[in-house]
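Enquirer: These protein sequences, in sequence, are chains A and B. Following my numbering, the numbering of the first sequence begins with -14 at its first residue and continues without gaps. Following my numbering, the numbering of the second sequence begins with 5 at its first residue and continues without gaps.
Hints are computed from structural coordinates only; laboratory data are not their basis. Treat the numbers as computed from the prediction; the structure is a model and nothing was measured. In this text, a Cβ means the ideal position worked out from N, Cα and C, and glycines have one as well. All clues given are correct.
Residues from chain A that keep clear of chain B, each with C-beta distances beyond 10 Å, as calculated:
| hint | residue |
| --- | --- |
| 1 | A2 |
| 2 | K13 |
| 3 | R37 |
Straight-line distance between alpha carbons at most 20 Å, and here's what the computed SDA-like set of lysine to any residue pairs gives:
| hint | chain 1 | residue 1 | chain 2 | residue 2 |
| --- | --- | --- | --- | --- |
| 4 | B | K29 | B | V8 |
| 5 | A | K119 | B | N122 |
| 6 | A | K67 | B | Q99 |
| 7 | A | K119 | B | M114 |
| 8 | A | K67 | B | K107 |
| 9 | B | K107 | A | N62 |
| 10 | A | K97 | A | R20 |
| 11 | A | K(-12) | A | N36 |
| 12 | B | K116 | A | T116 |
| 13 | B | K107 | A | D63 |
| 14 | A | K97 | B | T135 |
| 15 | A | K119 | B | Y120 |
| 16 | B | K86 | A | M95 |
| 17 | B | K86 | A | I54 |
| 18 | B | K107 | A | A59 |
| 19 | B | K86 | A | R81 |
| 20 | B | K107 | A | R32 |
| 21 | A | K61 | B | K77 |
| 22 | A | K67 | B | I73 |
| 23 | B | K107 | A | D64 |
| 24 | B | K121 | A | T116 |
| 25 | B | K121 | A | Q117 |
| 26 | B | K32 | A | M110 |
| 27 | A | K61 | B | K80 |
| 28 | B | K77 | A | N62 |
| 29 | A | K97 | B | Q6 |
| 30 | A | K61 | B | K107 |
| 31 | B | K25 | B | N35 |
| 32 | A | K67 | B | E74 |
| 33 | B | K107 | A | E(-13) |
| 34 | A | K67 | B | Q83 |
So the chains spell out like this:
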Amino acid sequence: MEKHKPILLVDDDDIDAMAVERAMRDLKITNQLIRANDGEQAIDYLRNRNNRTPCLILLDLNMPRMNGIEFLKAAKNDDDLKMIPVVVLTTSHEQRDIVESFELSVAGYMVKSADYAEFSEIIRMIDLYWTQCKTPDQIVRPENSRAGNFDYAKAGGPIRR
Amino acid sequence: MQTVQPILLVEDDNIDAMTVKRALKDLKVTNQLVRTTNGELALGYLRDDSRPKPCLILLDLNMPKMNGIEFLKVAKDEQILKRIPVVVLTTSGEQRDLVDSYKLSVAGYMLKSVDYKNFLETIRIVDLYWTLSQMPELAEDGKSPPGLCESDKDAENVPALADNE
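Just need the whole structure built from these sequences, with the hints factored in.
Expert: Listed below in C-alpha cells is the structure:
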C-alpha cells in the first residue's frame, strides 16, 4: 500500500471501525484511516478535491442511507473513482451479495470474523496484497510532489477530476 | 484457492508460463492451471460451457492477436465473465497500462520479477489473498455450473496448455 495515502473505511458500525483501527495499529500499517459512515458520505469524501484520494476502499455492505452495493454502482460509474480498488469487508456470506459485488468490480470480498486474531489476519493479508500490487499514480508521482499532497487535478492525473 | 476450479493463465510466453506453473507447484497450490496464449483463445475457453470456469484469471498484457487490455474490454462486458477476478501479471509498469487495467476492473496488478524468489513471493501473496476472499458463483441461475469439478480431462484440449515438467 502506498503509505502516504489514506485508506477509506466505509462502515456504519463503530465497533467494527475500531477493530479495523486496532488491527492496523497492531500490524503497524501506517496509512491514515479515514472513515465514512455510509456510501453517501464516502462519495462526498471522494468527490471533494480537497481530500486525499485513498489507495484502497474497505467497504461494508449493510449500511443506512446508501449501502455498499449502491455505493459501488455510483463509484464504478465514475471514470475517476472506478480506478480505486474496493475490497468488501462484511459479515454477509450471502452469495447474492458476493455475486453483485464482483459484478460491480470489487477487488476482493472478505468476511469479517468476530475473532480478533482472524480479523487481524484478514487486514494483514489485504495490506500484504495491496502493497505488492502496483496502482496507477504510484508510478507517475513526480519527484517533487510532497507525499500525500500532490494535486492530481492540476497535473491532469488520473484520480481526481 | 478454496475452490477446485482452475486458474486461467493468459500468457503468450512459454518461459513465463513455465515459471507460473513452477511457482504454483512449489507453493503446493492444487488448482489446475489452464493456459491460453492470447485474449481471443481465453475468451473461447471462457465461453465454452463444457469447460470449468476459472476461479481466477492471471493476465499478461502484451500478447499477439488480442492483448490483455482488449481481452478485458470484452470480458468485463459479459454478465458472467465479469465476475471472475482478473489479476494482471506483466513486466509493464507503464502508467497507461495501469490506468487502462484499473479502469477495466482488474483486481490486482503485479509486476513479474525476473528473480524467481521474488516472483514466487508474488504468486504466494496472490494465492493467499484469493484463498481468503470469497468467490462468486459463476452460474447464471445460482446453481453450480457444469464441470465445476477438478477433472483433468476438461482442459486437455485447451490450446497451448502448459505441459512442462
